[in-house]
Amino acid sequence: MPHLLELHDLEVRFALRTGDIIAIDGVDLTLDKGETLGLVGESGAGKSVTGFSIINLISKPGYISKGKIIFNGDEISSYSDEKMREIRGNKISMIFQDPMMTLNPVFTIGFQMIETLQAHRKISKADARNIALEKLKKVHIPSPEQRLEQYPHELSGGMRQRIIIAISLLTDPAIIIADEPTTALDVTIQAEIMDLLQELCESENMALILITHDLGVVSQVTERMAVMYAGKIIECGLTDQIVKHPVHPYTEGLIKSIPGTVITPGCDLVQIPGMMPTLTNIPPGCAFNPRCYLKEAICTTKTPELKDAGNGVWAACHMR
Amino acid sequence: MKSSLQKFKESYFLYSFRQDKVAMASFIAIIIFIILAITAPWTAPMDPYDANNIDIMNSEIPPSWNEGGEAAFPLGTDNMGRDMLSTMLYGLRTSIMIGIGAVSLQALIGIFMGLSAGYLGGKTDAILMRIADIQFSFPYLMLAILVGAIFQIVFGISRYEQLAIPLLILIIGFAEWPMYARTIRASVMREKNKEYVEAAKVIGLSKSVIMVRHVLPNSLTSLMVISTIQIANAVMSEAALSFLGLGMPVTMPSLGSLIRSGFDYIFSGSWWITIFPGILLILFVLAINLLGDWLRDVLNPKLYKG
Amino acid sequence: MNTDNIILSIRNVVKHFDISGGFLDQIRFKKGRFRLEETTVKAVNDVSLFIKKGETLSVVGESGCGKSTLARVVMGLYPPNSGEVHYGGKRIDNLNHKQMLPFRKKMQMIFQDPYASLNPRKTVQQTLEEPLRFHHPELSGNEINDKIDQVMEQVGVDQAWIKRYPHEFSGGQRQRISIARGLILDPEFIVADEPVSALDVSIQAQILNLLMKAGRERDLTYLFITHDLSVVRHISTRVAVMYLGTICELAKAEDLFADPRHPYTKALLSAIPVVGEKRAKQIKLKGEVPTPVHLPTGCVFHARCVYANERCLHQIPELLTLDNGTCIACHAVEENRIIS
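One line per chain: the protein sequences are W, C and U, in this order. Add 789 to a position in the first sequence, counting from 1, and you land on the number used in my numbering. Add 4 to a position in the second sequence, counting from 1, and you land on the number used in my numbering. Add 59 to a position in the third sequence, counting from 1, and you land on the number used in my numbering.
Keep in mind that the hints were calculated from the coordinates and are not lab data. Every clue listed holds true.
Covered stretches of chain C, as calculated for chain U (at least 3 residues, CB under 8 Å):
hint	stretch
1	191-203
2	207-214
3	218-230
Stretch by stretch, here's where chain C covers chain U in the computed footprint (C-beta under 8 Å, at least three residues):
hint	stretch
4	125-137
5	148-161
6	166-172
7	189-197
Owing to the predicted nature of the structure, the values given are computational and were not obtained by experimental measurement. Ideal Cβ placement from N, Cα and C applies to all residues, glycine included.
Using the sequences and the hints, build the whole thing.
And the structure:
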């Protein structure tokens, strides 16, 4: 069976005055129907750019310089902007960190939901309203009829994020890309939103790409995950496996550095020395080599490829 | 360690300046205007302030390329027989002096008022900003007439000539300082809630030190933009006042009073007395405004990083 | 209780902010008549706690619970509406600017946002020497430079970067510089307001280690403000959980995480995602956090609490001390109504 979404050797560049920088460097990913995939990494690792490039929303001076994105068997990376609009916000929806990025503060929730629907389908206002109501119920919003008349600022952060999820559900998308959907929210609300997303993926048979820096969230919500570092995927595979037995030293360090995982309170945390290189000066060979405790001569000369590390995990490391 | 010169060479500021032909052209134009104004006493063919050089017989000679023009007066002469080119250079000098002087005064008052209002907030803010509102709703022409009249009574009409420049600086400076006060206040209010200000408080620094050493330097970028536009405005205000006869006397013409003096003769065919200073004024103000536009774009914090 | 050891105590602190703006903004039209109405955010309501020398007391809670306000009241950045703050046995909340100066040397603060907490127009050198020159005008240039070098080394920032501006550094390095500024006066007490929440995961660990190391080497006392419970568990001696401006539970860190007593604490702990564990059943809370503008009557948590009854609706629970030293403000716990 072909995959729902495939990224082949995707490369995204940003044309700056000092020359091009490569933000995404040869990323391969697949996503099947109904699957949940976590995209993990620190800020600047390229996880958000990957998400944006799928629906071709990279803002200038960024552009896809190489590779293919295949959705349902069609190569959507070559689509015109016009044609892309049929996919974006319709078959593939996106949820952002800040709900106010998507919600227009001067219109009611109802107006925005109906407008979104009518943009993608020929549908009467009454029908659109009914669908909107149905979706609001799906995301467990109390008194949905009332919400339709409200403005975004009248709602709390958690409620807004639910509305956003309801909006993204309107067109029954096959994939939802959620970019740090709970980072701005409190931990109790975060847990509720994550439960909701997980529940919806199951009930609607929707695929989810969850972009986050929070390994805890990824490990609880997703089936598969990919760890990004300096524009490359350095480890991917089954979430449970990676979280319990990380292969790449970066993933390992990342997991161990979280307080409460391996170290008893009060003792020094495991820390990865240094920091992620900026995209303008990525070291030769393995990008992680200056921070790696397993570093050998080969790491500074040859870039490691992703290879099968067993147990459904692939990692890009010469040493493991 | 990079030197600051090298850093400047690699900066986004210089890069975008080089990319923008309009900004470069207007910057060069402004530099030329300023050099011309500064060097006027040495480069101008004659000194229009010196009565010995003026011969009334030379009045209203058309530009040299017109019929009846004389090579000695390339842009012709005015109604008093002064060489237009020299008079314009001196006029530009006067206009720029008043413009920069008035803007400095505006900035001084505006920064003080805006910084105090924005940082101290509460009642201080309310009082200072209401003063600014009152000042703003007061037509500056009325102020000019009032102050001008007081000046002439106190110092006598005979000394008006010497006092005209500081007088105009005062009038225009006082009329427009609320612009600065408002801009500074807005950016101070943005800055004062940032954590580095709290950090300075935690150290124990006094309010005035925090205001001057921490908040003010971070509020200055917005000043650069309005300063350019305010200089253009001040030059225009000066021209307008002079045109109405409230500004520079005809014996010490600025661009504005030059336009005015020529205006009476425009229908008798001596168009050059008005048109040439008019063009110079437009070019100068246009160049400043274009540079200000570019500066506003490049200093926009959303676009400008590091 | 041995009071000698107490470095800081907060007694019944209340801090409300008036956000109603000017006179015109306060005019409301209600029930056929105009009236003036002030809108106040009740950020901190009657909070009392003490901090012992050498310990790390963490204050946790969700956004808007008043934890950052409490930190700023302690630091004297906001004057409390009522209540007292005592430092080393002396009341400090009513001191004027001059009287406060000796305490400024002993109490320092580290801020959340490393991008906003350093003045962008000052080099590292200028940022670090300012507090020294202000509090120790007697020091020579060389002495100041030595001190700066020493602190820079301790926080792990290369001394060669001293002439650089903040924008040339990454978030983690800025936070190190910010910590250096906090340490340069050799304080004994540090308030850290979410010092790692703006940082990437791998950098968080570096900064937490740095704070703990500095704490050990300098015998520091921390008041640590954060929303991240896994951080809290790792670094704290004791933990205070805040909800809507009041403390609902205050306990030793190991007690709190092993056996949370307050219904809110239980819900909060159950919501933390733990790496490598599928979520145990999360305790769901009803409804949403009320705004601190209109505080609920009685227990502020009652509207979301499954154990709430009539009494919770009307009577504000007091912070009671249990046998193991845990303090808790809950009628249900007091009445033994919670069956775990």
